[in-house]
Structure formats: structure tokens, C-alpha cells
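Using the sequences and the accompanying hints, generate a full structural model.
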Amino acid sequence: MQDETATSKTKSTDGSSSSKDSKAPVNIIMIGMAGSGKTTLMQRINAYLHERKTPPYVVNLDPAVAKLPFQANIDIRDTVDYKQVMKEYNLGPNGGILTSLNLFTTKLDQVMELVDKRAATTEYFLYDTPGQIEIFTWSASGAIITNTLAATYPTVVVYVVDTPRTASPATFMSNMMYACSILYKTQLPFIVTFNKTDVVSHEFAVNWMSDFEAFQQALMRNEDGFMTSLMNSMSLVLDEFYNHLRVAGVSAMTGEGLDGLFAKIDEAVVEYYEEFRPAIERQIEKKREDERKQKAEQMSQLMHDLAVSEGKEVNPQQK
Numbered sequence: 012m013q014d015e016t017a018t019s020k021t022k023s024t025d026g027s028s029s030s031k032d033s034k035a036p037v038n039i040i041m042i043g044m045a046g047s048g049k050t051t052l053m054q055r056i057n058a059y060l061h062e063r064k065t066p067p068y069v070v071n072l073d074p075a076v077a078k079l080p081f082q083a084n085i086d087i088r089d090t091v092d093y094k095q096v097m098k099e100y101n102l103g104p105n106g107g108i109l110t111s112l113n114l115f116t117t118k119l120d121q122v123m124e125l126v127d128k129r130a131a132t133t134e135y136f137l138y139d140t141p142g143q144i145e146i147f148t149w150s151a152s153g154a155i156i157t158n159t160l161a162a163t164y165p166t167v168v169v170y171v172v173d174t175p176r177t178a179s180p181a182t183f184m185s186n187m188m189y190a191c192s193i194l195y196k197t198q199l200p201f202i203v204t205f206n207k208t209d210v211v212s213h214e215f216a217v218n219w220m221s222d223f224e225a226f227q228q229a230l231m232r233n234e235d236g237f238m239t240s241l242m243n244s245m246s247l248v249l250d251e252f253y254n255h256l257r258v259a260g261v262s263a264m265t266g267e268g269l270d271g272l273f274a275k276i277d278e279a280v281v282e283y284y285e286e287f288r289p290a291i292e293r294q295i296e297k298k299r300e301d302e303r304k305q306k307a308e309q310m311s312q313l314m315h316d317l318a319v320s321e322g323k324e325v326n327p328q329q330k
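First residue of the sequence shown: 12, per this note's numbering; consecutive thereafter.
Each hint should be verified, as a subset may be incorrect.
Calculated pairs, SDA-like style, for lysine to any residue (alpha carbon to alpha carbon, straight line, at most 25 Å) [what the hints assert, rightly or not]:
1. Lys-196 - Leu-256
2. Lys-98 - Asn-113
3. Lys-128 - Leu-256
Derived from the structure by calculation, the hints contain no laboratory data.
Shown next as C-alpha cells:
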């Protein structure tokens, strides 16, 4: 596990893609449960980058948000009317969000054209997602958006955690299970960002993730019955997950910890080029090879059919 207090190490390889694409913009996908302060953190990051004279390009993917505390360059609400979708398709809130994302994804090529036009002058692209994280991370539209971004520019997932609500072992474990599932679903560089550190420090979480016995002691003090045994088993499973996890602590209210967060993002970009980009390129090449084989098989079948029917009189009554 890597905390934001750790020394940032810059990795570079001569002739590597990371050196060739060092000026490529970075996609930052913000994911977090409702109430975690994800959108407020987006606002803080937006202000932070403006102060550094590197204004980001902001994309809002939450169709149900009533009011944004920042100006979005691309807003899903300009394309899809969430309430109208609910009314027209007779859907509830979650179904309305999912359908709105599906409709927006049909325009994704236009969004990427706008992103490409700004890529030369923009260092960071920020994407705010719905607070109902399962709708984005586990839907087809969410996967299409994530995969498209990852195949275009370096992409990092920032998972925002509400630190005060994670102070108990049970809620902490639930958040870590969510983090684990999102990491393996997106298969992208991943940063767990503990928000609201101005209220409660995230050091307890860092300690639990680095010291198995410390978590066990907290578990024994706070939980009883079958939950203790269950979370003991789960913590053992997640132990390896923690070892390769980047962690940052920030305050969306004060801006504290943003330097550390962006140091982690820089590390994640290096990891993207070294590990994730080659895997993505292999998947793309495999898909192209499969398509070539399918076309070759279809052409072979067509030539066979032509050879069989060559010289034969066609009966107009046969269908």
C-alpha cells in the first residue's frame, strides 16, 4: 500500500511509451458513493488546477444532479433530460439514471471529438459520475465510456471515500470491497482517496490497511457475532489488494492533501503506460485479428459458394 506521505518516485524507461506520450492529457474519473463529497472534491480540484494555471476540461456524467458547484464544459444534462426519461419510460430514479447514461453513450463519439480538440492545450480531463456508483461501474454504458477513455489517453480512477463514515470496521470493510470490485471491473490505475480529513484523519484507515493485527483489534472492540468471523476472512482476502493500492487523504473543504493526491496521479499515469496501456493494446489487436479472421472465413465461404454454383442454371422459381 502506498500513502500520500510516501516519497513520489518517478519511473522512466528510454524509448518507452511513457516518455513519448509524456505530454498527453490525463483522464481522471471520479467515483464515489452519494454523500462522500465527490462533487465537492471535483470543485476543489477544479479550483486547485486553475490556481496552477492548468485549467481542466470538466465533463459531468451525472444526469440527476440538481446543481453543480462548478462549470462543466460538457454536461450530460444538456443532452438528456433525466426527469423526462423517467416519465417517458416509466422508470424509477436508478432506472432513469441508467437509461440517461445509455442515451448519452450513443453520442460518445461526439464527446470524444470535443475532447480530442482540447487535448493539445489541456493537461487534465475530469469526469464526475453518478453517486449511485453501481449504475456507472457495472453498466454497459459505464464500461463503454471507461474503455473508450482508457484507449485514448492515460486514465486514472479516483475512488472517493467518506472518512468519518468509514471509522467503524464494518463500513471500512464495505468500502474496501467496493474499491476492490471497481478496480477489477475497470482494470485501470486506481487511487483510494479518503475525503473529509478535516473532520476525521484517515490515518486510522492507513494503519488498518498496513497492519492486519491493528484491524483485528479494532474489529474485536467494535463488532460481535458472525460479523467478526466474516470480516476476519474478508480482511485476509484483501491483504494482497492493500499492498498494491495507492491511498491519499484530502479535504474537499480546505484543499489539504491535493498535492499528495496529484503526486499519486502522476505515479498512476506511469503505471498506466507500463502495465495497463500494453494490455489495452493487446486487447485491441486481438479484436482486430478476430475481425480479420471472421472476414477471411466469410470470404472463403463466399468463394466456395460461387465455385459450387458456377456454370449451373439458376431456376427462377427456386428461392
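Restraint status (C-alpha distance of Lys-98 to Asn-113 at most 25 Å) = Holds: Lys-98 and Asn-113 sit about 16 Å apart, inside 25 Å.
query = Lys-196 and Leu-256: Cα distance at most 25 Å?
reply = Since the Cα atoms of Lys-196 and Leu-256 sit roughly 15 Å apart, the hinted pair holds (cutoff 25 Å).
Distance restraint between Lys-128 and Leu-256, which requires alpha-carbon spacing of 25 Å or less = Status violated; Cα separation ~33 Å.
In this structure, only the earlier hint numbered 3 is contradicted, and the remaining ones agree with it.
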